[in-house]
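**Q** Chain A is already provided as a structure; the job is to place chain B on it using the hints.
As they're listed, the protein sequences go chains A and B.
Residue numbers for the first sequence follow our numbering, so the first one is 984 and each next one is one higher.
Residue numbers for the second sequence follow our numbering, so the first one is 72 and each next one is one higher.
None of these hints come from the bench; they were simulated from the model.
Any given hint could turn out to be false.
Simulated restraints on C-beta separations [unchecked claim]: (1) Ser1446/A to Gln232/B: 21 to 29 Å; (2) Glu1432/A to Pro180/B: 24 to 32 Å; (3) Gln1341/A to Glu235/B: 35 to 43 Å; (4) Ala120/B to Gly1018/A: 57 to 65 Å; (5) Glu235/B to Gly1454/A: 39 to 47 Å; (6) His147/B to Ala1077/A: 36 to 44 Å; (7) Gln79/B to Ser1446/A: 44 to 52 Å; (8) Gln1341/A to Ala239/B: 42 to 50 Å; (9) Gln232/B to Asp1417/A: 48 to 56 Å; (10) Arg1288/A to Ala218/B: 40 to 48 Å; (11) Ala1228/A to Ala218/B: 50 to 58 Å; (12) Arg1345/A to Asn73/B: 41 to 49 Å; (13) Cys1085/A to His147/B: 55 to 63 Å; (14) Ala218/B to Thr1372/A: 48 to 56 Å.
Think about it this way: if two alpha-carbon atoms lie no more than 30 Å apart in a straight line, the pair counts; the simulated DSBU-like pairs of lysine-lysine are [as the list claims (entries may be wrong)]: (15) Lys123/B to Lys1396/A; (16) Lys123/B to Lys267/B; (17) Lys123/B to Lys1572/A; (18) Lys1102/A to Lys1545/A; (19) Lys1258/A to Lys1337/A; (20) Lys1314/A to Lys1180/A; (21) Lys1180/A to Lys123/B; (22) Lys1444/A to Lys1475/A; (23) Lys123/B to Lys1314/A; (24) Lys1396/A to Lys1503/A; (25) Lys1556/A to Lys1545/A; (26) Lys267/B to Lys1461/A; (27) Lys1180/A to Lys1337/A; (28) Lys1594/A to Lys1572/A; (29) Lys1128/A to Lys1503/A; (30) Lys1522/A to Lys1572/A; (31) Lys123/B to Lys1461/A; (32) Lys1461/A to Lys1475/A; (33) Lys1461/A to Lys1396/A; (34) Lys1396/A to Lys267/B; (35) Lys1444/A to Lys1396/A.
Computed from a prediction, not measured in an experiment: that's the story for all the values here.
The C-beta atom is built at its ideal place from N, Cα and C for all residues, glycine as well.
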Amino acid sequence: MAFIELTVLNNASRQTAIGIDLGTTNSLGAMWVDGRPIVLHPEGENGYVPSALHFAEDGRILVGRAARDRALIDPQHTLFSIKRFMGRGLADVARDIESVPCPVSESPTGVIQFEMRGKAYTPQELSALILMKVHDMACRALGGKETTRVVITVPAYFDDAQRNATRDAARLAGLDVLRIVNEPTAASLAYGLDQRKQGNVAVFDLGGGTFDVSILSIEEGVFRVLSTHGDTHLGGDDIDRALVAVALEDLARTLPAPALRDPAFRQLLRLAAEKCKIELSSAPEAEMHVTLPESGMQWRRRFSREEFDALAAPLVERTIDACRQALADAKLERNAIDEVVLVGGATRIPLVRKRVEQFFARKPHTELNPDEVVALGAAVQAHVLAGGTRDILLMDVTPLSLGMETMGGAVAKVILRNSTIPCSASEGFTTYADNQTGIDFHVVQGERELARDCRTLGRFKLSGIPPMPAGMARVAVKFHIDANGVLTVSAKEESTGLSARIEVAPMNGLTDAQVESMLKASYEHARADFDQSRLANLKVEIGTMLRATERGLRNYRAELDKETLRDLEDAMKSAREAAERDDVNALQKARDVFERAAEPLAAVMMDSVAKQALTGKRLDEV
Amino acid sequence: MNVCPRCQATLETPLACGACGALLAAVGGPHADPFALFGLEPAWALDAADLKRRLLRFTRLVHPDFFATASEPERHAAESASAALNSAYQVLDDEASRADWLIGHFGGPDEQAERSMPRSFLMEVLDWNEALEAARASAPSAPERQAIARLAAELGERRRQVFESIAARFAAHAAGERGQLAPARQDLNAARYLDKTLAEIAGLRVAQSLST
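Isolated chain A, as found in the complex (with noise of 0.2 Å):
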């Protein structure tokens, strides 16, 4: 029996896999049921997790909802936008640490930390809260069913840091990750594309903060990126900021310079800013009205659609050249584009839709939910993962070329951007001196000439070359970008065969040991809670059986034999001096002691009940 149902567990969720869109403002779950993605989410909520923390007096963390809504009061204690953070080092972000409430720090391997109540975060701990909560969404609405299989997708512009830290924060979170996707790959899936024999498509997904574009060619359900591009700073959030520049500027009118620069103020303006921005996608003018602090004086402002394209129509020409860039990488003109998928929230904005249509002289997909596009897709992607289909296949690029910095700080491309992924390169190298036995090398991502302009991907020491002339040994060094994008490096001496030894030093990422260390704490802070709650329902049982050993003593004290009262009343006293201290397992014992200490009273009890019945007296007058 127990084994029959074992088999079908396992079948039911060898099956499964859920898509995650780990997004900067949202996050959202979304898994393949009865033949299609849907977006999972419990009866009465919506399924989207705003990617927000707040850290509240009592220790405790808030994530999601309750997190966004606490911003309002107590904004020096919730944080947003934790993504804009993964797989980053301080001065990569110095813009986005601007909006950061608590003081930030870098650890020794470049990972930022923030100080929140006297405690250090990683981006991927926190990250790792709300995927956490985006699965417990999941699993919910999935009526309690358990699987730990996902998907999660990262920007397709995310470097193999960032990639490694969502795989860690997923690792972090308890989940079994089956694939890392590129967000606009995942959202060529949603649309169920696949249909189509043959065609080219254009993904364009201008989220909160990030935009990319992708093109891809469809044949015979395999989905082929062929270029990608994007600019990591620019999104809808940028749109508000400009409305809120607008504010600024009138509101420095009225207001003291400290009285604008204040946190919760500035929330206040931000999200009217965006409450206006959504108002401006549907009607012809809309009003952005905050209400001042202390004086309580309303300020109002309407801006018309005009004025709100003007605004935003810098950044939209921004979002259209990297579509030449994307075309001009994939080899193709723009009206060799067949389909456009619109992803993001951003892509609601009327001006967006407009010149992306005449761009590509094509009306772009709308029927899906921008915001729900990636979740969906990504469902797909877990639906083939988990071995649900062979009918489509995603072949997705790397967007970034892998280098090596070679004498005088210059990049040999190891491995070209927009290579088809996985992909290996491999680069001899030999020693310069006599005896020589390492070499240390210094990987670096992007497209620039100098290394210095590019990424630090990893500092690499070579070490265990067999000791022999210079220039005799052959070391080949192999660079393997795998399905998820993520690169690992190995070596060999040819000459003798051996494997050299490669150590990484990750740069603004975790080790595979502080992954350990931070799951080892988490287990044991688990564990701590699970003695916490196990110490209040055991004292709350002790008191009830001591309040019903009292009772019963009181009415049947004379029918024990002295040995076996003096044996309950010891137990009860441990019991209670037991319930006095925080001790789990002395609790458990005493507890134990006085069960069976009391069993003859309750023997006794029950046949004093039994006897009562039998002479026809009401229960209720024992």
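**A** For chain B alone, kept in the frame of chain A given last:
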């Protein structure tokens, strides 16, 4: 042609069996024969559409997406096989890299060996570079930019001729004529100069269309 060790079916690619789906020992690596991975004989003539169909068909057999929940060794094998296929496709799909590989395969001179280009050709290269510099420094509607468009067309035509010559060399080599590979290598080196200049012109044009 080989047969599958598991089901004895004839193999189209040494990477996997299309009949039983078995992943076969990785024969990838940078030194592997890209033609063999696609079940083809090494030869210059290639049907691009057929090559792409093979890529899609074989990728369906070995892509890691279809082994995501398989054992670690299988996942690893799928990664290597898929990477080998992608690298081989890159070599074969691009005329220049296909020619480079074939010249090496047939025992011809490597890139370094036939490095010296005719003086007249190098003078031409200098002219192209000057035209590029002039276009970079000029306004979008300037005549220098028109000149660069004409140059692109001219170089494109030259490139076509160079590859016609390479094709003829390979055909002669296949017919048993000796001494074809060194001139093929010289042609290929000329093609590299042309490609480099054409890439720069394309980059300049994208930059121009971005600025207008």
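**Q** Compare the structure with each hint and give your call.
**A** Taking the hints in turn, this is what the structure says about them:
1. Ser1446/A to Gln232/B: 21 to 29 Å: violated (51 Å)
2. Glu1432/A to Pro180/B: 24 to 32 Å: For Pro180/B against Glu1432/A, whose Cβ atoms are near 29 Å apart, the range 24 to 32 Å holds.
3. Gln1341/A to Glu235/B: 35 to 43 Å: The hint (35 to 43 Å, Cβ to Cβ) holds, given that Gln1341/A and Glu235/B are roughly 41 Å apart.
4. Ala120/B to Gly1018/A: 57 to 65 Å: Given range 57 to 65 Å: violated, Cβ gap about 32 Å.
5. Glu235/B to Gly1454/A: 39 to 47 Å: Given a distance of about 41 Å, which is inside 39 to 47 Å, the answer is holds.
6. His147/B to Ala1077/A: 36 to 44 Å: holds (40 Å)
7. Gln79/B to Ser1446/A: 44 to 52 Å: Distance hint for Gln79/B, Ser1446/A holds at roughly 46 Å.
8. Gln1341/A to Ala239/B: 42 to 50 Å: holds (47 Å)
9. Gln232/B to Asp1417/A: 48 to 56 Å: Given a distance of about 50 Å, which is inside 48 to 56 Å, the answer is holds.
10. Arg1288/A to Ala218/B: 40 to 48 Å: holds (44 Å)
11. Ala1228/A to Ala218/B: 50 to 58 Å: Since the Cβ atoms of Ala1228/A and Ala218/B sit about 44 Å apart, the hinted range of 50 to 58 Å is violated.
12. Arg1345/A to Asn73/B: 41 to 49 Å: Holds - the Cβ-Cβ distance for Arg1345/A and Asn73/B, about 46 Å, lies within 41 to 49 Å.
13. Cys1085/A to His147/B: 55 to 63 Å: The hinted range 55 to 63 Å is violated for Cys1085/A and His147/B, with Cβ atoms some 42 Å apart.
14. Ala218/B to Thr1372/A: 48 to 56 Å: Because 54 Å falls inside the window, the suggested range holds.
15. Lys123/B to Lys1396/A: With a Cα-Cα distance of about 25 Å, the restraint between Lys123/B and Lys1396/A holds, given a limit of 30 Å.
16. Lys123/B to Lys267/B: Status holds; Cα separation ~26 Å.
17. Lys123/B to Lys1572/A: The given pair, whose Cα atoms are some 71 Å apart, is violated under the 30 Å limit.
18. Lys1102/A to Lys1545/A: violated (57 Å)
19. Lys1258/A to Lys1337/A: With a Cα-Cα distance of about 21 Å, the restraint between Lys1258/A and Lys1337/A holds, given a limit of 30 Å.
20. Lys1314/A to Lys1180/A: holds (21 Å)
21. Lys1180/A to Lys123/B: holds (15 Å)
22. Lys1444/A to Lys1475/A: holds (13 Å)
23. Lys123/B to Lys1314/A: Given pair Lys123/B, Lys1314/A holds - Cα atoms ~16 Å apart, limit 30 Å.
24. Lys1396/A to Lys1503/A: Judged against 30 Å, a Cα distance of about 39 Å means the pair is violated.
25. Lys1556/A to Lys1545/A: Given that 30 Å is the threshold and the Cα spacing comes to 17 Å, the pair holds.
26. Lys267/B to Lys1461/A: Holds, because 27 Å separates the two Cα atoms, which is no more than 30 Å.
27. Lys1180/A to Lys1337/A: Holds, at about 28 Å.
28. Lys1594/A to Lys1572/A: Not satisfied, since the Cα-Cα distance of roughly 34 Å exceeds 30 Å.
29. Lys1128/A to Lys1503/A: holds (26 Å)
30. Lys1522/A to Lys1572/A: Given pair Lys1522/A, Lys1572/A holds - Cα atoms ~12 Å apart, limit 30 Å.
31. Lys123/B to Lys1461/A: Distance of about 26 Å is within 30 Å: holds.
32. Lys1461/A to Lys1475/A: The given pair, whose Cα atoms are some 8 Å apart, holds under the 30 Å limit.
33. Lys1461/A to Lys1396/A: holds (13 Å)
34. Lys1396/A to Lys267/B: holds (15 Å)
35. Lys1444/A to Lys1396/A: holds (19 Å)
Violated hints, in rising order: 1, 4, 11, 13, 17, 18, 24, 28; the structure is consistent with all others.
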